[in-house]
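**Student:** Position chain S against the provided structure of chain B, taking the given hints into account.
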Amino acid sequence: NAGVTQTPKFRVLKTGQSMTLLCAQDMNHEYMYWYRQDPGMGLRLIHYSVGEGTTAKGEVPDGYNVSRLKKQNFLLGLESAAPSQTSVYFCASSLSWNQPQHFGDGTRLSIL
Amino acid sequence: AQSVAQPEDQVNVAEGNPLTVKCTYSVSGNPYLFWYVQYPNRGLQFLLKYITGDNLVKGSYGFEAEFNKSQTSFHLKKPSALVSDSALYFCAVRDLDNFNKFYFGSGTKLNVKP
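Chains as they are written, first to last, in the numbering used here: chain B, 1 to 112; chain S, 1 to 114.
Worth flagging that the hints you see were computed from the coordinates, not collected in a lab. Mixed in with the good hints, there may be bad ones.
Listed below are the simulated DMTMM-like cross-link pairs for lysine to aspartate or glutamate, each with C-alpha atoms no more than 20 Å apart in a straight line [as the list claims (entries may be wrong)]:
1) S:K101 with B:D26
2) S:K22 with S:D9
3) B:K70 with B:E30
4) S:K113 with S:E8
5) S:K77 with S:D9
6) S:K69 with S:D85
7) S:K101 with B:E30
8) B:K57 with S:D95
9) S:K113 with S:D85
10) S:K109 with B:D62
11) B:K57 with S:E8
12) B:K14 with B:D62
13) S:K109 with B:D105
14) S:K101 with B:D62
Okay, chain B solo, but in the shape it has when bound (with noise of 0.2 Å):
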């Protein structure tokens, strides 16, 4: 039972090199979202998607892109890194918009 799984789990970057975070899950879940977790803020929503290809902003989204080309996948992309996007990142996913949401055990990225 894979669930919600994320790669890689851990990351250290330079300031404007850039990356890609991948999410899988095998729930044949239609809602797929990025979170990002910074201390005492709680959990920020970067982006989400209702299904395969599409994808909408959520309440952070500036420096970020994302994809959902398979529906099982969903990728955040870091186009030129900063050191305020260091954080601890979530993916999750959700059957419907009313079911409970999944989540992976996260990706630490740190830039530098």
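**Tutor:** Only chain S this time, still in chain B's reference frame:
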């Protein structure tokens, strides 16, 4: 502004005593409320939800929450705390009139001491 507030950064309780973790919300429409728990170095796990119906909602691991519309609150409770309940708890709200907006509180660290 739509939001969720968890007024306590930390709650300390002795094992066997009842526990309450507080949450208040502010949305323009009808709320759809959740509680999640996070253990160290793990993702969030769903505990319970409220959308309509009975104001007292029962969830996983013996937790329950009470929806109070007049006080715009959704406090998490458990009659008898266990040491293993020690974790970070998050309240979340979705506005049913704008269902793609989903907000988390800042989290409350629950410490249960033996």
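**Student:** Give a verdict on every hint.
**Tutor:** Here is what the structure says about each hint:
no. : hint               : in the structure
1   : S:K101 with B:D26  : 24 Å, violated
2   : S:K22 with S:D9    : 10 Å, holds
3   : B:K70 with B:E30   : 11 Å, holds
4   : S:K113 with S:E8   : 18 Å, holds
5   : S:K77 with S:D9    : 16 Å, holds
6   : S:K69 with S:D85   : 27 Å, violated
7   : S:K101 with B:E30  : 16 Å, holds
8   : B:K57 with S:D95   : 16 Å, holds
9   : S:K113 with S:D85  : 10 Å, holds
10  : S:K109 with B:D62  : 29 Å, violated
11  : B:K57 with S:E8    : 30 Å, violated
12  : B:K14 with B:D62   : 19 Å, holds
13  : S:K109 with B:D105 : 18 Å, holds
14  : S:K101 with B:D62  : 17 Å, holds
Hint check: violations occur at hints 1, 6, 10 and 11; the rest are consistent with the structure.
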